[in-house]
Amino acid sequence: GAVVSQHPSWVICKSGTSVKIECRSLDFQATTMFWYRQFPKQSLMLMATSNEGSKATYEQGVEKDKFLINHASLTLSTLTVTSAHPEDSSFYICSAQGRDEQYFGPGTRLTVT
Amino acid sequence: AQSVTQLDSHVSVSEGTPVLLRCNYSSSYSPSLFWYVQHPNKGLQLLLKYTSAATLVKGINGFEAEFKKSETSFHLTKPSAHMSDAAEYFCVVSDGIWTGFQKLVFGTGTRLLVSP
Numbered sequence: 100g101a102v103v104s105q106h107p108s109w110v111i112c113k114s115g116t117s118v119k120i121e122c123r124s125l126d127f128q129a130t131t132m133f134w135y136r137q138f139p140k141q142s143l144m145l146m147a148t149s150n151e152g153s154k155a156t157y158e159q160g161v162e163k164d165k166f167l168i169n170h171a172s173l174t175l176s177t178l179t180v181t182s183a184h185p186e187d188s189s190f191y192i193c194s195a196q197g198r199d200e201q202y203f204g205p206g207t208r209l210t211v212t
Numbered sequence: 008a009q010s011v012t013q014l015d016s017h018v019s020v021s022e023g024t025p026v027l028l029r030c031n032y033s034s035s036y037s038p039s040l041f042w043y044v045q046h047p048n049k050g051l052q053l054l055l056k057y058t059s060a061a062t063l064v065k066g067i068n069g070f071e072a073e074f075k076k077s078e079t080s081f082h083l084t085k086p087s088a089h090m091s092d093a094a095e096y097f098c099v100v101s102d103g104i105w106t107g108f109q110k111l112v113f114g115t116g117t118r119l120l121v122s123p
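Line by line, the protein sequences are chains A and B.
Per my numbering, the very first residue in the first sequence carries number 100; after that it's consecutive.
Per my numbering, the very first residue in the second sequence carries number 8; after that it's consecutive.
Careful, some of the hints might be misleading.
[Stated by the list, open to error] FRET-style restraints, in silico, Cβ to Cβ: (1) B:R118 to A:I111: 40 to 50 Å; (2) B:S122 to A:N169: 43 to 53 Å; (3) B:R118 to A:S104: 40 to 50 Å; (4) A:G152 to B:E78: 39 to 49 Å.
Think of the hints as simulated: they come from the structure by calculation, not from any bench.
Ideal Cβ positions, reconstructed from N, Cα and C, are used throughout, including at glycine.
For reference, chain B alone in the conformation it holds in the complex (with noise of 0.2 Å):
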């Protein structure tokens, strides 16, 4: 069974300053992660996903995280935070077993706060 645990519920910076977000990943088979972010009255946003190619993603919005196998980690980062990336942050993961769909395990959440 896959899971990701999510060692911060909140985490805050000033804007301008680097953002670190951490993840932890267990899972029996090759996994896809991924990061989600959620703003208010908003659906679910894909910053990134690993699906076993280049171990460090870039994805949007200026985010990339690093796949670490030997610890087992995804954690997400950004060298200067901005204003509008307060939200709530996923890390998902998948089995990594395509079947036409592939269901996802969410983790807990970590909310971002960015004061100016």
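So here's chain A without its partners, still in its complex pose (with noise of 0.2 Å):
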């Protein structure tokens, strides 16, 4: 089946800081590209929906200047998370829209300190 890869896989960052998180489909094309939020024990919420050239669309209630989005290539769309907090540590998981179905990446853990 198609695979989507997430790097990295886990990450510490600093509050303040920023950091990038690459997800690629490895063997298909994906004009459209989605990232989730999963908090422990809790659900995936979808964040934002990402296409190829041009803006993401973002749900309601998840800040775009904090989360940038950005999918450049039929194969790679990176989420950004600037100036992280605390609150913003979670699990990110991406997704690449196939053709019958969404493909998902391992997830990225991300811990700010």
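Quick one: dock chain against chain with the hints and give me the complex.
Below, the structure is given as structure tokens:
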């Protein structure tokens, strides 16, 4: 099946710094990718829909200036958490829209100290 | 708006016994429904999906689910649990409208525990 990778798998950063997470579709092209956030023992919440070559569409309540999304190619989308704070610590998951289903990456654990 | 309710946060079964994970949905449209499984340190994997064809859907690893419109349910079952089935399971709904992609709404998840 189709494979989506994320890098890094985990990252620790200091409060106030920015961190970039990459999401790649390894064996298919994805016009649309999605970014989710998962809190411990909770569900996945859609943060934004990322379309190649255009601006991302953010869900209500998600700060677009805080969570910068870039989808510069059909195989790569990036999420940058700017001026990170401890409350941004979470598990971030991306997915890529395939022909019939979304394929999910393994997730990135972000810890902000 | 679409939503799903997973009625059990945890389900414990013994190996070899049946599995039932319950899910109820709410949708303004004819929904697409999915079950995903999440193993630690692995990406979510699609188990099965319902997209208005047969109401009994068979998926991978022996799982199946039945779409019951009258009960707005989409429960996941497996006749015989295996130790490797222990994971987090998510019931997911989409509005079924294809615009090149589908936005998914996840339930809160059910953790399946399988004991020897």
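Evaluation of the provided hints:
no., hint, verdict
1, B:R118 to A:I111: 40 to 50 Å, "violated, 26 Å"
2, B:S122 to A:N169: 43 to 53 Å, "holds, 46 Å"
3, B:R118 to A:S104: 40 to 50 Å, "violated, 26 Å"
4, A:G152 to B:E78: 39 to 49 Å, "holds, 43 Å"
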